[in-house]
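There are 2 protein chains.
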Amino acid sequence: MLNFTYYNPVKIVFGKGTIKELPNLIPAENKVMMIYGGGSIKENGVYEQVAKAMAGRPLAEFSGIEPNPRYETCIKCAESIRKQGSDFLLAVGGGSVLDATKFIAAAFCYQGDDPWDFMKDVSRIPTEALPLGSVLTLPATGSEMNSFAVISRDSTQEKLAFSSPKIFPKFSILDPTTTYSLPPRQTANGIVDAYVHVLEQYMTFDAGSPLQDRQAEAILLTLIEEGPKAMAKPKSYSARSNIMWCAANALNGLIGCGVPQDWLTHMVGHEITALYGLDHAQTLALIYPAVIRHFKERKKQKLLQYALRVWDLAEGDENARIDAAIEKTDEFFRSLGVGTRLADYNIPAQAGKLVAQRLAKRGQPLGERGDVKPIDVENIIGLRA
Amino acid sequence: MLNFTYYNPVKIVFGKGTIKELPNLIPAENKVMMIYGGGSIKENGVYEQVAKAMAGRPLAEFSGIEPNPRYETCIKCAESIRKQGSDFLLAVGGGSVLDATKFIAAAFCYQGDDPWDFMKDVSRIPTEALPLGSVLTLPATGSEMNSFAVISRDSTQEKLAFSSPKIFPKFSILDPTTTYSLPPRQTANGIVDAYVHVLEQYMTFDAGSPLQDRQAEAILLTLIEEGPKAMAKPKSYSARSNIMWCAANALNGLIGCGVPQDWLTHMVGHEITALYGLDHAQTLALIYPAVIRHFKERKKQKLLQYALRVWDLAEGDENARIDAAIEKTDEFFRSLGVGTRLADYNIPAQAGKLVAQRLAKRGQPLGERGDVKPIDVENIIGLRA
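Protein chains in written order, with the working numbering: chain A, 1 to 385; chain B, 1001 to 1385.
Bound conformation, chain A alone (with noise of 0.2 Å):
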């Protein structure tokens, strides 16, 4: 096992009617900035909802985060708060609206004259930001439960993530029952997203670390066991409840605690959003079951691992297994409806090359040995036409 730290303050208050629980959890003195998105939260019932518990309290409001939030959109948050004189931060919404929010937390105390600079040098991130809490009702990105948030920039086709602990939630509620009315899109953008967020830690090399490896195991399973019944019963509060639960123990830092990382997919995932605006996990799915293809030899103690826990597959040569576990991962994000190849999307071909130029320039080390090349990059999405 790698040596490791791990720090999660995060309160979770989980289950039916836990939106009333809200003024308990801003402190009384606090002057709280309610963040969201569109106006599904005004049909769902959760904006009513919040705006009850939080009554006789002062509740100003932003609306409009987009998704693959906009920097641009932040910035005008931020004047708002600034104008309200708001002090406590509450994300309503999906993992959008939460890094959204995280981000203006942060940018609000920034000393310098632009933001986006401590989104390109960590060296420049706030030590403080305005303490913020989140009433999920998207899972996916596991954003309610940890310190990262991923912000994308119009004028630079730029989509960057930071990391600080000081943008920890202070809680976050999670009613599985918020989640009822959302559109199977974005169900199965959730479950794709918190599917590969798992294996983005687990498929690397052999670290002696078998208890994470069956915690991510855990997740991967009930993913396939619950997904297919969330999308086929939307109201079901047992499959949207393990759903939920999953996806934030999918990124909540525990299951990679001690082991090697990834990060490859989501990297390029980033950068085919920003180019061709796909949804964060129509990139992953598009992605992921190439990567683990191209690299296949070097993941192949990990493949043969997945291959016999979490799909059963325990006949044929090593080979064979390995290419049936990439299949049944491909399959599975199909039967979730969320297309696997560039045609889906109507991305050209020339895509690979573009990605692979654009990461080349941003020189971060890719893959968990950090020797990933550009013209891996192109190989994989190559894989996808």
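The hints are simulated quantities; they were obtained by calculation from the structure and are not laboratory data. All values reported here derive from a predicted model rather than from experimental measurement. Be aware that one or more of the hints could be misleading.
[Said to hold, decoys possible] In the DSSO-like style, the derived pairs of lysine-lysine whose C-alpha atoms are separated by at most 27 Å in a straight line are:
(1) K170(A) - K1166(B)
(2) K1020(B) - K1120(B)
(3) K11(A) - K1296(B)
(4) K1166(B) - K302(A)
(5) K11(A) - K1011(B)
(6) K166(A) - K1233(B)
(7) K166(A) - K1373(B)
(8) K1373(B) - K1296(B)
[What the hints assert, rightly or not] Okay, the calculated beta carbon distance ranges per label pair:
(9) N1379(B) - E297(A): 55 to 63 Å
(10) G45(A) - R1082(B): 48 to 56 Å
(11) K170(A) - S1080(B): 32 to 40 Å
(12) R1082(B) - T127(A): 42 to 50 Å
Every residue gets a Cβ at the ideal spot worked out from N, C-alpha and C, and that includes glycine.
Starting from the known structure of chain A, fit chain B onto it as the hints suggest.
Leaving out everything else, chain B in the frame of chain A:
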């Protein structure tokens, strides 16, 4: 899934050579009182490592915390803290030292006459406690990553537990190499302790929580795999690190999220320790297999799942599979050298009646349904004759 709140702010610093991180984890302005047990940390080099890391910082010390830490010793330590003017407690040892330190941290801030009062009346638990951190040297109780403490009192032959968010360690350093020199009995006890912690949260009834079930099974399977390795090769970093991380995960609250919990074995075990002086883990090995035998009807569904997923028992009828799983559990404990019969500890046959009476007098509900009767307790203990 049942509604739940999960909150665990303990920072875990895990791995070889991590004791040297101490000065980065304890604020520079704090005056530290180091609390430990017998002389083992002086023999295995841990005392020296702590002293070296803290060189130049005020560091008082209090030694002599016993296994099953005694109230009387804790009170002495609190007096010493007052005398020294310490304001940060550093537990260096196993679960007993940690539990004692947690109790002392709260007792120090208690406003009433006798801190034992709050062990018997949760409403009197202090709302403040001294901050504390730990260097763990014996993986077993999970105390390094939770807010529980169990303390024994001589004068009343009582062993009681309390919990408060104020007694979460600020950090716990887990360096697996500190466990290389553990005697076999303590290594084995730790494995049994962690194993039964998992089962107390797992072996109840289905509440629609497949992820938590699998997270629990992940720990059980890893303990079964790594436990014998640590017994055979005490200096196996791989085995020691996995057991250490398993023990923390067994009782950090995660696998208990949203599920019914039992804890009957612990309640019975505490009485047996108070009466007959057994190690905590010895009481668990003694009682647990009898609990699942006695309640095999009401735990049937989970026992079948446990038989299949943990012990790979797929053959035979349901009753045969359940009996085999119970026998495997018993065998596993015995294979580690921990006795599972009254005779192994010279406990008289009348223990059953005595323990049942003591528990009845305490009047706490027992078992996952809160309906376990004195006669059940008597019969369970009777199964170990």
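Worksheet item: Going back to the hint list, which numbers does this structure go against?
Response: 2, 3, 4, 6, 7, 12
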